[in-house]
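Mind docking chain B on chain A? Use the hints.
Now for the letters of each chain:
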Amino acid sequence: MSSALIDLVWQSTLETLYMVAVSGLISALLGVPLGVLLYVTRPRQILAQPVINGILGVITNVGRSVPFIILLVAIIPFTRMIVGTSIGTNAAAVPLTIAAIPFVARLVEGALNEVSPGLVEAAQSMGATPMQIITKVLLPEARGGIINGLTITLVALISYSAMAGAVGGGGLGDLGIRYGYNRFNPTVMLITVVVLVVMVQVFQSLGDYLVRKSDHK
Amino acid sequence: MTTLALPTKQFQGRNRDPTGSTSHYASSVNSRNAPAAAQRTRLDRLVHTAATVALVRRDPYTSALFDALTIPNAFHDLNGPMIQLDNVSKTYGSGARTVQALVDVDLNVPKGTIHGVIGLSGAGKSTLIRCINLLERPTQGRVFIDGQELTAMDAVQLRQARHQCGMIFQHFNLLTNRTVYDNVALPLELMRESRQTIRERVMPLLELTGLAGKARQYPSQLSGGQKQRVAIARALASQPKVLLCDEATSALDPQTTTSILALLQEINQRLGLTILLITHEMEVVKSICHRVGLISDGRLVEEADVGDFFTAPRTQLGREFLNAFLELEPPQALVERLEPAAGERTHPVVRLTFSGDSVSTPLISRLAREHGIDVSILQAKVESIQGRTLGLMIAELMGSATQTQQALATLESFDLHVEVLGHVQRTD
Chain A
1 MSSALIDLVW QSTLETLYMV AVSGLISALL GVPLGVLLYV TRPRQILAQP
51 VINGILGVIT NVGRSVPFII LLVAIIPFTR MIVGTSIGTN AAAVPLTIAA
101 IPFVARLVEG ALNEVSPGLV EAAQSMGATP MQIITKVLLP EARGGIINGL
151 TITLVALISY SAMAGAVGGG GLGDLGIRYG YNRFNPTVML ITVVVLVVMV
201 QVFQSLGDYL VRKSDHK
Chain B
1 MTTLALPTKQ FQGRNRDPTG STSHYASSVN SRNAPAAAQR TRLDRLVHTA
51 ATVALVRRDP YTSALFDALT IPNAFHDLNG PMIQLDNVSK TYGSGARTVQ
101 ALVDVDLNVP KGTIHGVIGL SGAGKSTLIR CINLLERPTQ GRVFIDGQEL
151 TAMDAVQLRQ ARHQCGMIFQ HFNLLTNRTV YDNVALPLEL MRESRQTIRE
201 RVMPLLELTG LAGKARQYPS QLSGGQKQRV AIARALASQP KVLLCDEATS
251 ALDPQTTTSI LALLQEINQR LGLTILLITH EMEVVKSICH RVGLISDGRL
301 VEEADVGDFF TAPRTQLGRE FLNAFLELEP PQALVERLEP AAGERTHPVV
351 RLTFSGDSVS TPLISRLARE HGIDVSILQA KVESIQGRTL GLMIAELMGS
401 ATQTQQALAT LESFDLHVEV LGHVQRTD
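Protein chains in written order, with the working numbering: chain A, 1 to 217; chain B, 1 to 428.
It should be emphasised that the hints constitute simulated quantities derived from the structure, not laboratory data. Using N, Cα and C, we set each Cβ at its ideal position, and we do this for glycine too. Take these hints with a grain of salt, some might be off.
Some chain A residues judged to face chain B by a derived CB distance under 7 angstroms, without partners named [claimed, not checked]:
{"hint": "1", "residue": "118"}
{"hint": "2", "residue": "121"}
{"hint": "3", "residue": "122"}
{"hint": "4", "residue": "124"}
{"hint": "5", "residue": "125"}
{"hint": "6", "residue": "141"}
{"hint": "7", "residue": "216"}
{"hint": "8", "residue": "217"}
Just chain A, same shape as in the assembly (with noise of 0.2 angstroms):
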């Protein structure tokens, strides 16, 4: 294997890490607040709140029924809007991020859904308000199934990154298109492949550490 070789996959790689690291942190800060909403507003929830709900509820279908290819074309207004640009790494995290927040928030909503409402009940009994019960009851308690939604929604940036790549994004799967499919060159594919399971691989354990370690049920 060539140095140039080498550092093309190494440079790919920081690309990949790069695009899931923004689009998962970003998504993570607006996902888990509108997971939370999503959940808190349920009808007979510490703030029920039907019409907004079911607002909430559809927005979230919509952008996670858009199939991933399609968002990342047809954003390309709002992506240059944004960053000025509508290739590269930078470019690549747009789309990225606006497909991951509504992913992350069904996550949430759904590991807050884990909490035993007795334990909502016994907050309300010692007079705790509403914002009290979510950042001293709720969070913590569904710290487990958070940080594992995370982990899959990282994951899963993982794999959506590589098909941002093939529309001039950057990053492991655009140099597995370009340089493995394009120019015939296995190796080249089967490095990019071992560098992406490799990554998942590591995400994934490092996940479930956390997860261990922070869930005391």
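Chain B in isolation, oriented as in the chain A frame:
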């Protein structure tokens, strides 16, 4: 009493190192084997090391509790109601699918008393207790705690009022990702108390509930009884006037139930805390309640002092509860022979419930002497409830129709409850 006995040993070797839990487990195993009498531990035996005393003394609430160890009933103030429900109803659903969970419930719990509410599942017990701190808002009626009307409060006032009203649950409802210490600290965090105040309040409560050695452990590492102790400490952290217990012992084994009930009784006696508990177990009512209400289909059908309820329940449901509790149902072989109506050659079978003075009356020999009948005792039992004696007996009155009629009349002239269960064919 297992878990109550445990801390006594812990205090001697006082080990607050979070990792030093092995020895605690060892002593827990030992105490399980100790005779029940030796395990009868009271708070005053829990609080006996200098360090504990110092810690407990620093906090006014537990200091009061501690003072009261030497001044019995110092905090009993039986004036006025602590909990008052005024014509409370709760309806779920709407239209054709409405369910009446509570119907016109009036309830009055005097300060410093332990009030039990008993009923079958689905009778409305849970709804009732949740209507007191407005976890469920009554559809109609008013709720007062210590003279304040909760049903008239806005959200902010209600949250304040809830600090006065601790609650414990059947399934403990501890936060799994918080340590024992942090669980007990939670109500104080919610009240935005300083870390310093929290520490000063939590540690004495952990000492008093026998959990000091467990402060850094997580609920998943505790037994059911210990979890309920954490829940009790947590409920007391905001220094409430009222403790609501929602089937607090229903998930515990009989031994642990006894120890939790003893702790609740101590808290009531020493601090004068008013306790309202709901349960489906007569045993719980019998052991610690002063008064009891019987709930059925959302209605409070009977209310009485525990002694009266156990000696002379006024409703059919009350009698059913009592008979099931005392296991005083006639033997199956007898039930099969029972005929509803008296015949040519039958003897009546009666169930006698006697209390108070009639317990000591030599009833059977009198019947035999005065009416010339024989009395065959099929089943009998004597129970002591809240200092009152309760006798129960199932007996066959053997004699001619006239003789047994007269005997029954005599029985009814005494202070006792006579119930003719049926008639059996004479075998002679």
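Hints broken by the structure, by number, lowest first? As far as the earlier hints go, not one is violated by this structure.
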